[in-house]
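2 protein chains.
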Amino acid sequence: MALADAGAMVRNENGIATVVSILKKRFGDNAQTGKSIREQHGHTTSYVPNQAPDLVVFVENTEDVQEVVRLCGEWHVPIIPFGTGTSLEGHVNAPAGGVSIDLSRMNRILKVYNEDLNVVVEPGITRKELNEYLRDTGLFFPIDPGANASLGGMAATRASGTNAVRYGTMRENVLALKAVMPDGRLISTAKRVKKTSAGYDLTRLLVGSEGTLGIITELTLKLYGIPQAISGGICAFPDLESACNAVIETIQMGIPVARIELVNSLQMQAMINYSKLDYPVAPYLFLEFHGSDAGVAEQAELFGEIAAANGGGTFKWTANLEEREKLWSARHNSYFACMTLAPGKQSLSTDVCVPISRLAECIVETEKDIAASGLIAPIVGHAGDGNFHVLILFDDKNAEEIQNVEAFVERLNLRAIAMDGTCTGEHGIGQGKIKFLRLELGGAVDVMESIKRAIDPGNIMNPGKILRL
Amino acid sequence: MALADAGAMVRNENGIATVVSILKKRFGDNAQTGKSIREQHGHTTSYVPNQAPDLVVFVENTEDVQEVVRLCGEWHVPIIPFGTGTSLEGHVNAPAGGVSIDLSRMNRILKVYNEDLNVVVEPGITRKELNEYLRDTGLFFPIDPGANASLGGMAATRASGTNAVRYGTMRENVLALKAVMPDGRLISTAKRVKKTSAGYDLTRLLVGSEGTLGIITELTLKLYGIPQAISGGICAFPDLESACNAVIETIQMGIPVARIELVNSLQMQAMINYSKLDYPVAPYLFLEFHGSDAGVAEQAELFGEIAAANGGGTFKWTANLEEREKLWSARHNSYFACMTLAPGKQSLSTDVCVPISRLAECIVETEKDIAASGLIAPIVGHAGDGNFHVLILFDDKNAEEIQNVEAFVERLNLRAIAMDGTCTGEHGIGQGKIKFLRLELGGAVDVMESIKRAIDPGNIMNPGKILRL
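Sequence lines, in order, name chains A and B. Heads up: the first sequence begins at 316 in the working numbering, then just goes up one per residue. Heads up: the second sequence begins at 316 in the working numbering, then just goes up one per residue.
Each hint should be verified, as a subset may be incorrect.
To be verified - A few chain A residues facing chain B, derived, Cβ under 10 Å:
#, residue
1, SER475
2, GLN543
3, PHE751
No lab work stands behind these hints: they were computed from the structure. These numbers come from a predicted model, not from an experiment. Where is the CB? At the ideal position from N, CA and C, for every residue including glycine.
Model the full structure from these sequences, guided by the hints.
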């Protein structure tokens with residue numbers, strides 16, 4: 316029994332066979348049909364069952380992409396763009412089979428524009444590779460979804476992460492895209508400018524479209540100066556409400572925190588054990604400040620006052636790199652820490668996002684729900700954005716447990732939506748959240764469908780994702 | 316002879332007559348056919364000739380909008396949404412006649428969410444009315460396009476202005492919209508959350524769509540805390556390159572300037588005369604800093620160093636409200652100041668935007684072009700964004716002068732596009748820049764057209780704007 320209905324679709328066997336045969340001849344070793352490589356390109360990091368494509372093509376340039384798209388268009392064969400495969404809601408599955416276009420070899424940095432604070436890259440480069448390359452320029456790209464994802468994939472899924480509270484998400488940090496559309500044409504969505512009023516915002520239409528409208532082949536991204544000073548720290552709170560109130564006041568005061576992460580008691584327990592931290596168990600906020608030396612000191616001081624006023628423990632902050640990295644490494648390893656809470660179990664990571672005024676209420680209700688359901692499910696949140704994750708550990712061989720998890724996830728999503736929130740702050744819709752998208756936005760989904768039909772009338776671009784078409 | 320080809324379109328006389336008759340009965344005094352009111356709702360603040368609608372309906376709620384849209388849809392009659400009529404590229408003209416929907420009476424503030432830093436408003440409220448209302452809350456909405464425009468119109472045209480360099484444009488500051496679509500359905504594009512990955516970004520598709528896809532009937536906007544301290548000042552430079560280099564270094568250093576405006580010598584001359592400023596004529600930067608007391612002092616000091624290193628005069632800064640308001644009032648009155656340079660002439664305001672590394676080059680070439688063309692045309696720019704305006708003064712009865720202006724505007728747009736720039740940073744496409752949109756983005760315009768056809772198959776929503784359909 317599978318946890319999620321991955322939505323099997325009708326396969327066009329004849330078209331697939333033809334396209335596979337043509338592409339194998341054309342791309343030689345760059346076109347692979349081995350089972351393990353295909354399964355690795357179906358979904359591996361998701362709870363959604365794996366649906367492998369029929370062929371994986373490793374493209375090396377835009378012309379390769381156009382050629383594959385045109386051929387698949389002619390034969391009505393699905394195309395699934397693939398970056399690093401770190402998405403969580405079944406985005407790279409192939410429910411109707413077809414061709415996975417692996418963009419990892421299109422990983423060049425085409426041009427850094429230091430004076431303009433932007434960079435033009437191919438989609439396959441990962442965020443860590445980009446920042447490694449940029450280091451000597453004094454610039455960096457801030458968006459950090461945890462995984463070392465590709466920039467093309469991050470744009471396609473509108474990724475964000477820990478420092479979106481200060482720097483925004485991919486929505487705010489992509490200036491322009493080039494994309495191969497379903498008819499094989501290459502378009503350029505915008506010029507390399509900070510702002511423009513020139514027509515419909517195709518950049519933002521493609522950001523978050525999860526490969527269902529076109530394949531991103533080039534990105535122009537905003538960059539930022541590496542801050543003169545970075546400091547960080549953590550602070551315990553007596554309960555979640557107090558921690559959330561401290562977050563609200565911090566944001567209201569306009570303190571430009573770079574990160575403000577909420578960790579609930581169970582999550583902290585797991586991190587203390589896993590990363591050998593010397594802290595008592597409680598809900599915590601993890602913070603990071605970016606700015607001038609004076610600026611980060613001022614921010615930390617202001618936050619300290621807010622924390623104290625909300626019953627927080629002493630705010631321990633440090634500009635010491637080693638200590639800071641230890642804390643953030645514990646935060647980044649929270650997934651592995653969680654897995655130790657129930658060895659041998661499977662995990663399902665889900666996210667919702669609510670207005671921050673509702674965050675405490677939403678998390679507290681969710682904690683109660685977890686307790687009542689008997690689930691093991693720690694919570695960690697990008698609190699400054701009202702976004703939080705629940706990592707549910709469960710036995711994927713146990714039908715009752717699966718049903719329990721499904722019911723919990725449904726309640727979680729409905730709870731967030733009822734609080735003016737969204738069923739996904741940063742994981743995307745993929746296959747896993749299609750029904751919640753409709754519950755959240757109703758008739759707007761019809762408009763999305765009409766756009767999809769207009770741009771991809773053959774429904775060849777990543778079918779079965781976002782929309783039920 | 317008209318300066319711009321406003322693109323007259325075929326009128327559906329029968330449909331228009333029917334709709335006008337039905338709506339007059341239905342809306343009584345709220346449906347007006349008088350010539351002056353119709354002309355006032357055709358374009359008045361643009362160089363594009365006035366094309367009046369056949370009827371103006373003053374709607375009072377969303378149901379009114381839906382009723383008008385459904386009726387117009389049934390009879391294939393154009394609909395032109397109208398806020399304050401302060402757009403500049405012919406956005407509210409009625410090239411095929413039809414019904415102007417005046418949204419100015421839908422001007423309520425529906426709810427302020429202090430803790431979440433957002434507000435829900437109707438589209439007819441102006442930015443000044445909103446900020447007046449918000450004053451006691453300690454919050455404000457920053458986007459300032461100069462005119463006291465309506466928020467609905469600002470969203471529809473993706474407006475920005477002087478402080479976009481710090482706060483972004485309408486693109487970054489609209490969280491969610493409600494809109495009546497061409498079939499009369501009301502959709503909600505997103506929930507009231509800071510971020511979301513739930514499907515296609517319909518919010519950003521409607522922002523900047525200039526009324527061609529739907530009519531915005533409700534907006535959820537980001538708010539910001541009124542800064543503890545605001546200071547500002549101005550600084551002369553020996554030439555435009557030096558001023559632009561100071562801007563580039565300011566942005567590169569990450570100084571969070573709230574405003575950094577470039578004024579060329581002719582523009583400064585006009586402002587000195589008009590606003591009786593005691594400054595020598597030169598290119599200037601006007602700056603404003605927002606932050607804590609210590610923060611704005613630090614920003615001003617850092618900028619002073621950058622200015623000095625680029626040959627700038629002494630940077631005079633002040634936290635004194637009266638002095639600051641005098642300077643910014645001179646900047647905001649720059650249009651009237653310019654008009655005194657050539658009394659009796661007409662004006663054409665146009666804008667382009669380039670990467671800031673190209674800004675000096677683009678403005679210097681444009682100044683040379685102005686001199687060679689014998690035009691009177693001062694320049695003012697939102698330099699931190701690479702966006703600048705040219706206000707061209709000309710005799711609209713003189714065919715040769717009109718031709719001269721048209722040729723200059725064409726060269727300006729092509730120059731910006733050739734420098735990786737856009738034909739409009741903030742004025743929009745409307746009727747005036749349709750041909751430049753195609754020159755700028757090529758095949759992407761076909762994708763825009765397919766979206767327009769899918770969402771508005773009858774082409775009733777503000778036809779003849781953005782796209783040549």
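Results for each hint:
Interface hint at A:SER475: satisfied, since its Cβ lies 6 Å from the closest Cβ of chain B, which is below the 10 Å cut-off. Given hint, A:GLN543 at the interface with chain B, holds; its Cβ is 8 Å from that chain's nearest Cβ, closer than 10 Å. Annotation: interface hint on A:PHE751 holds; nearest CB of chain B at approximately 8 Å, less than 10 Å.
Hint compliance for this structure: every hint is met.
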